[in-house]
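> Each chain, letter by letter, is given below.
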Amino acid sequence: MSAAALPSEADVRTLLRTILRTPGEPAVELRRADIVAWDSLKHMEIVFALEDQYGVRFEESEFAALDTSSAITAALRRHLAA
Amino acid sequence: MRHDVHLAGYTYGLRPVATSDAPYIVELRAAGGEFINRGATTLAAQLAWLAHYFERHGDYCFVIERIDGAGREGLVGVYDVRLDDRSAEWGRFVLARGSNAAVETALLVYRFAFDVLALERVRCRTLAENAKVVAFHESCGLARKPSSVTIDHDGHPSPGVEHELAKRQWPAVMKRLDALAARFASATRPSLRAPS
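As given, the protein sequences belong to chains A and B, one line each in that order. For the first sequence, the positions run 1 to 82 when this note's numbering is used. For the second sequence, the positions run 1001 to 1196 when this note's numbering is used.
In short, the hints are calculated from the structure, not lab data. There's no promise every hint is true.
Claimed, not checked - Label pairs and their computed distance ranges (CB to CB):
1. D67(A) with K1145(B): 44 to 52 Å
2. R31(A) with K1145(B): 24 to 32 Å
3. S8(A) with R1144(B): 50 to 58 Å
4. E29(A) with N1037(B): 16 to 24 Å
To be verified - Pulled from the structure, derived: some chain B residues nowhere near chain A, Cβ distances all over 10 Å:
5. N1100
6. V1103
7. D1115
8. K1132
9. S1139
10. D1152
11. H1153
12. D1154
13. S1158
14. A1166
15. Q1169
16. R1183
17. S1186
18. T1188
The C-beta atom is built at its ideal place from N, Cα and C for all residues, glycine as well.
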């Protein structure tokens, strides 16, 4: 896959804000610890939405670490580059 | 109370708490964070609590464990079961750090309440400060009751939030939780994954 097809953190933040219905500055990193609405159920919805949007499959052991927009972006890039 | 209720989901199951779980309960609760009542902090105190619990009617404590035999991931309870208005409360919900069992545990708890006990409503009371759990209940589709409640937290009266799920709302909530739990199972059991 070419680098141009890899998701940017801005793309990830847009998806997170849509699911969490959380407004905010586009350039600010989103962190699960800071966002009340990012609860356990929403976390699953986020992971599955990412899988659907980017055509990847996360292992269960990866779920907990997908807790910031930067960590998610890095994980997506790893999967897509593999 | 002593019971023999076992519930199996896609990835997790609930089984009755046993005396042999006492060391695990002490350890789990000690690591549970600021919103957990300290409760029984020693093995002897936990054993005494369990002995009292085994004699208490309308009180069901469960261990949350993986159905693949990979071990325990938490605790949950359904208690204060009232036969007069067919209601109960659920709580004592503690998960091991990093566990993904929250959604399926809620599904199994409600299945027990509505499908096994045939209750009309289930409530849960959460410390208002515990914002993530308050959010979780609302993400599940529960209605927040308008009146505030006071919860005894380690002997201190603390502001709380009460949510309730009525039987008529259960099918919609079940559909949502079941879909997520089934999908999660595909991450734990790759054989369930749809071909890409």
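> Would you check whether the claim that D1152(B) is not at the interface survives, using Cβ distances to chain A and the 10 Å cut-off?
24 Å, holds
> Does the claim that S1139(B) lies outside the interface with chain A hold up, using a Cβ gap greater than 10 Å?
Its Cβ does come within 10 Å of chain A, the nearest being 4 Å, so this is violated.
> Taking the shortest Cβ-to-Cβ distance between K1132(B) and chain A, state whether it exceeds 10 Å.
5 Å, violated
> Beyond 10 Å from every Cβ of chain A: is that where the Cβ of S1186(B) lies?
Answer for S1186(B): violated, closest chain A Cβ roughly 8 Å.
> Using Cβ atoms and 10 Å as the threshold, tell me whether D1115(B) really stays out of contact range of chain A.
Non-interface label on D1115(B) holds, nearest chain A Cβ at 21 Å vs cutoff 10 Å.
> Is the Cβ of N1100(B) more than 10 Å away from each Cβ in chain A?
Given that some Cβ of chain A is not farther than 10 Å from that of N1100(B), nearest at about 5 Å, it is violated.
> Regarding the assertion that S1158(B) does not contact chain A, is the least Cβ-Cβ distance greater than 10 Å?
Given a closest Cβ separation of 18 Å, the condition holds.
> For the pair D67(A) and K1145(B), does the Cβ-Cβ distance stay inside 44 to 52 Å?
31 Å, violated
> At the C-beta level, are R31(A) and K1145(B) separated by a distance inside 24 to 32 Å?
Hint holds: Cβ distance 30 Å, inside 24 to 32 Å.
> Per the stated criterion, does the least C-beta distance between T1188(B) and chain A lie above 10 Å, as a non-interface residue requires?
About 5 Å separates T1188(B) from the closest Cβ of chain A, which leaves it inside 10 Å; violated.
> Taking 10 Å as the cut and beta carbons as the points, is Q1169(B) off the interface with chain A?
Q1169(B) clear of chain A: closest Cβ-Cβ about 16 Å, beyond 10 Å.
> Examine each Cβ of chain A, and state whether all of them lie more than 10 Å from the Cβ of H1153(B).
19 Å, holds
Checked against the numbered hints given earlier, this structure breaks hints 1, 3, 4, 5, 6, 8, 9, 16, 17 and 18; the rest are met.
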